[in-house]
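Asks: Under the numbering used here, read the sequence shown as residues 1 to 211, first letter to last.
Rather than coming from a laboratory, the hints here were simulated on the basis of the structure. In this text, all values refer to a predicted model and were calculated from it rather than measured experimentally. Please note that a few of the clues may not be correct.
In the DSS-like style, the derived pairs of lysine-lysine whose C-alpha atoms are separated by at most 25 Å in a straight line are [to be verified]: (1) K114 - K102; (2) K208 - K194; (3) K194 - K106; (4) K194 - K207; (5) K194 - K102.
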Amino acid sequence: MVHYTKTDRPADRIAQVLSDWNYATALAIYQDLGTSAFMKQLLASGESVYTTRRLRAELEELLSTAEIGGAAVPSPLPRRIAVNDEFAHAPEAVQALQVEWKDLYKISNHLRLKLPLIVRQQDRAPLCREIRSHFDRIHDLWTQLDYYRAHGELPPNLKEVTVAIEDRAQLERRRNTLRTYLSRARNGTRPSDKVPAWEAELRSIEKKLLD
1 MVHYTKTDRP ADRIAQVLSD WNYATALAIY QDLGTSAFMK QLLASGESVY
51 TTRRLRAELE ELLSTAEIGG AAVPSPLPRR IAVNDEFAHA PEAVQALQVE
101 WKDLYKISNH LRLKLPLIVR QQDRAPLCRE IRSHFDRIHD LWTQLDYYRA
151 HGELPPNLKE VTVAIEDRAQ LERRRNTLRT YLSRARNGTR PSDKVPAWEA
201 ELRSIEKKLL D
């Protein structure tokens, strides 16, 4: 277990435990820095695959927002995402959720590494919002996959349409995600045969936002 002193910056503590993972240490850090009483209670219930994943995500979100005591955000080591065969024989819609959250995680890590290079807070804010948007979507995808694990099917409103979003804030987050996907596909950093589907979904979302 890593031990910290009072002089350690919160961002340094988070980055260290993310690269040298220990659940008890990570939980203590989140209990100290986190703001969600519900999440603190949930994570304190014990270590499991689910709580470990959620705790990592909560700490990564705290780190990415660059709002911890005004400290500069360091560049944590990217987490290696192992190949997961859990959904190898799942329906295509379920596999798509798995692919999407991993892609978003990689994109978020890439964006987070840019933060230390940006000096002015007003310039950092848009990037922080984009990273938070990606993490919100990742949490949504994890919730859907957890439902599939428990019930053997996607939530009822997602059986036919993987992304069923009505709330305006969620629509805006999904719009931003799609724009990121399309930008990366067009400049060659993320080629995909899903571009036509993404473009169609983006047009639909933009139309809803204008209504």
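Asks: If a hint holds in the structure, say so; if it does not, say that too.
Replies: Structure-based check of all given hints:
| no. | hint | verdict |
| --- | --- | --- |
| 1 | K114 - K102 | 19 Å, holds |
| 2 | K208 - K194 | 21 Å, holds |
| 3 | K194 - K106 | 18 Å, holds |
| 4 | K194 - K207 | 20 Å, holds |
| 5 | K194 - K102 | 16 Å, holds |
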